[in-house]
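Q: In case you want the letters, here they are:
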Amino acid sequence: MQIEYDVVVIGAGPAGLAAAIEVKRNGVDSVLIVDRDRELGGILQQCIHNGFGLHLFKEELTGPEYAERFINELKELQIEYKLETMVIELTKDKVITMVNSKDGLLTVKAKAIVLAMGCRERTRGALNIPGTRPSGIYTAGTAQRFVNMEGYMVGKRVVILGSGDIGLIMARRLTLEGAEVLAVVELLPYSSGLTRNIVQCLEDFEIPLFLSHTITKIQGKYRLEGVWVSKVDDKRHPIEGTEVYIDCDTLLLSVGLIPENELSKGADIEIDTATNGPIVSESMETSTDGVFACGNVVHVHDLADYVTLEARRAGKSAAKYIKKLLQHKKDNIIISPGDGVRYIVPHHVNVDNLEDTLELFLRVNRAYMEKNLIVKLDDTILAVINKKRLVPGEVENIRIKSHMIRDREASFMTIEVQSEGV
Amino acid sequence: MYDIAVIGAGIIGCSIARALSKYQLKIVLIEKESDVANGTTKANSAIIHAGYDAKPGTLKAKLNLLGNSAFDELCKILDVPFKRIGSMVIALQEDEFATLSKLYEQGVRNGVPGIKILQQKELRNIEPNISDHALGALYAPTCGIVGPWELAIALAENAADNGVEILLNTRVENIKKLENEYILYTNNRIISAKRVVNCAGLHADEINDMVATPSFQIMPRRGEYNIMDKSVGKLVNTVVFQCPSKLGKGVLIAPTVHGNLLIGPNSEDILEKNNFETTKDGLKHIFDTAARSVKKVSASTIITAFTGLRARCERDDFIIEEATDAVGFINVAGIESPGLTAAPAIADYVLDIIKGMNVDMVAKTDFVEKRRPVIRFNELTNDEKEKIIEKDSSYGKIICRCENITEGEIVDAIHRNVGARTLDSVKRRVRPGSGRCQGGFCSPRVMEILARELEIDMSKVVKDHPKSYILTAQTKDTSMFDLHAVNYLTKECVANANRI
Chain D
1 MQIEYDVVVI
11 GAGPAGLAAA
21 IEVKRNGVDS
31 VLIVDRDREL
41 GGILQQCIHN
51 GFGLHLFKEE
61 LTGPEYAERF
71 INELKELQIE
81 YKLETMVIEL
91 TKDKVITMVN
101 SKDGLLTVKA
111 KAIVLAMGCR
121 ERTRGALNIP
131 GTRPSGIYTA
141 GTAQRFVNME
151 GYMVGKRVVI
161 LGSGDIGLIM
171 ARRLTLEGAE
181 VLAVVELLPY
191 SSGLTRNIVQ
201 CLEDFEIPLF
211 LSHTITKIQG
221 KYRLEGVWVS
231 KVDDKRHPIE
241 GTEVYIDCDT
251 LLLSVGLIPE
261 NELSKGADIE
271 IDTATNGPIV
281 SESMETSTDG
291 VFACGNVVHV
301 HDLADYVTLE
311 ARRAGKSAAK
321 YIKKLLQHKK
331 DNIIISPGDG
341 VRYIVPHHVN
351 VDNLEDTLEL
361 FLRVNRAYME
371 KNLIVKLDDT
381 ILAVINKKRL
391 VPGEVENIRI
401 KSHMIRDREA
411 SFMTIEVQSE
421 GV
Chain U
423 MYDIAVIGAG
433 IIGCSIARAL
443 SKYQLKIVLI
453 EKESDVANGT
463 TKANSAIIHA
473 GYDAKPGTLK
483 AKLNLLGNSA
493 FDELCKILDV
503 PFKRIGSMVI
513 ALQEDEFATL
523 SKLYEQGVRN
533 GVPGIKILQQ
543 KELRNIEPNI
553 SDHALGALYA
563 PTCGIVGPWE
573 LAIALAENAA
583 DNGVEILLNT
593 RVENIKKLEN
603 EYILYTNNRI
613 ISAKRVVNCA
623 GLHADEINDM
633 VATPSFQIMP
643 RRGEYNIMDK
653 SVGKLVNTVV
663 FQCPSKLGKG
673 VLIAPTVHGN
683 LLIGPNSEDI
693 LEKNNFETTK
703 DGLKHIFDTA
713 ARSVKKVSAS
723 TIITAFTGLR
733 ARCERDDFII
743 EEATDAVGFI
753 NVAGIESPGL
763 TAAPAIADYV
773 LDIIKGMNVD
783 MVAKTDFVEK
793 RRPVIRFNEL
803 TNDEKEKIIE
813 KDSSYGKIIC
823 RCENITEGEI
833 VDAIHRNVGA
843 RTLDSVKRRV
853 RPGSGRCQGG
863 FCSPRVMEIL
873 ARELEIDMSK
883 VVKDHPKSYI
893 LTAQTKDTSM
903 FDLHAVNYLT
913 KECVANANRI
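Chain order of the listed sequences is D and U.
The letter at position 144 of the first sequence is residue 144 when you use the numbering used here, and the numbering goes up by one with no holes.
Start counting at 1 in the second sequence, then tack on 422, and there's your number in the numbering used here.
Everything labelled a hint here was simulated from the structure, so no lab data went into it.
A few of these clues could be false.
Take a look, some chain D residues computed to stay more than 10 Å from chain U by CB distance [claimed, not checked]:
id : residue
1  : I3
2  : D6
3  : V154
4  : D247
5  : K316
6  : K330
7  : G340
8  : D352
9  : D356
10 : F361
11 : D379
12 : I381
13 : K388
14 : R406
15 : F412
16 : V417
With a cut-off of at most 27 Å between alpha-carbon atoms, the simulated DSS-like pairs for lysine-lysine come out as follows [to be verified]:
id : chain 1 : residue 1 : chain 2 : residue 2
17 : D       : K221      : U       : K882
18 : D       : K75       : D       : K94
19 : D       : K221      : U       : K454
20 : D       : K231      : U       : K706
Remember, predicted model here, so these are calculated numbers, not experimental data.
All C-beta atoms, glycine included, are put in the ideal place defined by N, C-alpha and C.
One chain only, chain D, in its complex shape (with noise of 0.2 Å):
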């Protein structure tokens, strides 16, 4: 069975949500929007914790909550929408291959596309830690599924490797569970997670953060029964003769997120190397024509508020392509990481389609003190901010006037961190 619409939205988590509503909301009606998961909203129904929407609407919501507003709105404005659907192939004449239990396979042509996938998280396969391989490891948020979709605890003395965000949740949740968070091993010298999650997860509840630290072997016939942690050098290399033994049962390893781009790539959509998602314009849209993309399949967030404000300016620039109200030129503004930053999004900008304000996400690529980042319009520094702090775990949200770009005819943006003494 063939059947067309003028947008499909993969994925149902904050970004599918947010640009299904947007597309409807700028007057395209024929939008349907796919996920695999049982029940709308993705991740954000396992996070149960608050501080989300503080941003967005200034109140400090569950991500249960979060979503439910969405998902309320999205049932008002009768979006349809496919669950326990999961899109098997993508081509790059925009036609979905999908399949479920209750229409078994079917095709859908659409006119533009906004992918929405998420990410998944690093796996210790991928970290290669030697030892053997018993129960008890698990991926923070595998875990933060287990404890607050399935109601199951899932060990009692608990290392946590990795300061990423979900990692720290869980130190919290499984420490209010009963269990006892040894102890939070980080590789780098500085925590990948957001600040106030270090304070209200660890601190509060006196959870050690060991940085620069690494876990080099992992023990355990059947069940986890300890790990080894080493300290490690400036290059990152555990250093001989710092082994300790730490006895527990479970191991949650929160080391990063990759968005998820295997049907992207079936697209034949371009991706960058530093955020492994999809290069994108202003309009979030790919390589590809009329295929726009939004939220950690395009970059890993730190908030998911910043994933509605993304994914609210692909569905609209989705709208705006059905309308053919969508510019395309050659010579887009090509925006570059300069020293200090680790990516950009976008990656480049055509000035015809923005509106008052041309946004930016970064992230640095170390921690900084009071640092200024500079950007610059081809040669000439458009505008200088002070930052009290530049941490790689925190997303970088910048804004520019979009006179100030439209008004120069240039062909390159930068933003860099500013070296010393200058």
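Go by the hints and put chain U onto chain D.
A: Frame of chain D, contents of chain U only:
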């Protein structure tokens, strides 16, 4: 009383049990682990060797050749993934051509079909990503790759379909020899059998010593491996070996039947038979060595690591014989490489030994040769996918996102003979958890399906061994089950706080 008890359900025990199931005999297959194929069979190179490695005249040489030629038919009737992709032994230095010539001559004497020495250009045509230092190779077109545990599981299932009784989680702790029978004492029950076949792999010496004079010793030899993502599964087209050393065939790099890339093993003699650790040095060694064979091997594509122990014995050949002082007790021991390749031939060889023991071997008329085919959803065409979902809607529910494995496939794996009972046993049969997310997304769903189908609580689902529990207890607040209740509670708390 059983006619024959087979101890050990690895690839050898399963092959023998299935071969015996063609006859009107009462057979029991005894395994100490929670699943078949759970020892060396699940952790090896998965290669069906061409047969040039073994010394001419040895059992290894003879059974390697016979076994290799049996694979096409065997894997077809049992519906097991097998591909005959050929192998290369590459020469990275001029003087290694001498080794290639020696292997070539050995291969010719062993009767290996089609082998030849390739020069650099021919090698590069077949393997465009081969190292610039590779000067040539010994090419053996009959080398293949297989799913080793899938083969053992299929053999066990088919054996069970044909009446073999399979006892899992059953460890043989002692054996007594009576006049016309053996009594096997296990942790579960006492078993009596007229004859015993010892295929206990790493522990074959211990089993032998329970009833016969010690005549061999099994020494574990560790090999470590990495599996890489499917995105690099086509880095090589054949199985690429370097020149062999004293310790074995060296580090290979090969595609797997499922489209991943496999590198390894190293080779290290160790003392403990239960040491399945990977090591920092071992993993570094296999990676560095593989990177010398082939360009573009990248650490960022590694998805997992594992260790296998080879059951080596000092005789340097397979031991397949009746124990001298225990009539009717057959040892099948020291089955290191090319044991997987030789397995079908070893089973026939053992069958011949048993036939020579005056056993009344009457062929069954109702022997079912084929295994009920396995549906592999992601290998179906779109039309086939549509049809199967129409027939059974559980094939429309994808559980494993990385490999597109459906609920239907998992349920089928649970309900077949020798069905899956643990998370790992589902993984070995239908692969959820073998992909790049390593079960991050699907393991809660697979556990839920296991619990539902086996009618047990989810917390009783284990990873592999009965002691490898995954969940400890229910959370303190069971209202967490219902997120709407949580939302409600939160709102109420906020409201109360406002009132105060």
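Q: Each hint: holds or not?
A: A quick look at each hint next to the structure:
1. I3: Nearest chain U Cβ is 14 Å from D:I3, so the label holds.
2. D6: Per Cβ check, D:D6 is outside 10 Å of chain U; nearest 24 Å; holds.
3. V154: Given a closest Cβ separation of 6 Å, the condition is violated.
4. D247: holds, 16 Å
5. K316: holds, 29 Å
6. K330: holds, 30 Å
7. G340: holds, 23 Å
8. D352: The claim stands: D:D352 keeps its Cβ more than 10 Å from every Cβ of chain U (closest is about 37 Å).
9. D356: holds, 35 Å
10. F361: About 24 Å separates D:F361 from the closest Cβ of chain U, which puts it past 10 Å; holds.
11. D379: Label holds. Min Cβ-Cβ 36 Å, cutoff 10 Å.
12. I381: holds, 36 Å
13. K388: holds, 31 Å
14. R406: Consistent with the label, D:R406 stays out of reach of chain U, its closest Cβ about 40 Å off (over 10 Å).
15. F412: Its Cβ never comes within 10 Å of chain U, the nearest being 29 Å, so this holds.
16. V417: holds, 26 Å
17. D:K221 to U:K882: holds, 18 Å
18. D:K75 to D:K94: holds, 26 Å
19. D:K221 to U:K454: The hint holds at about 15 Å.
20. D:K231 to U:K706: holds, 20 Å
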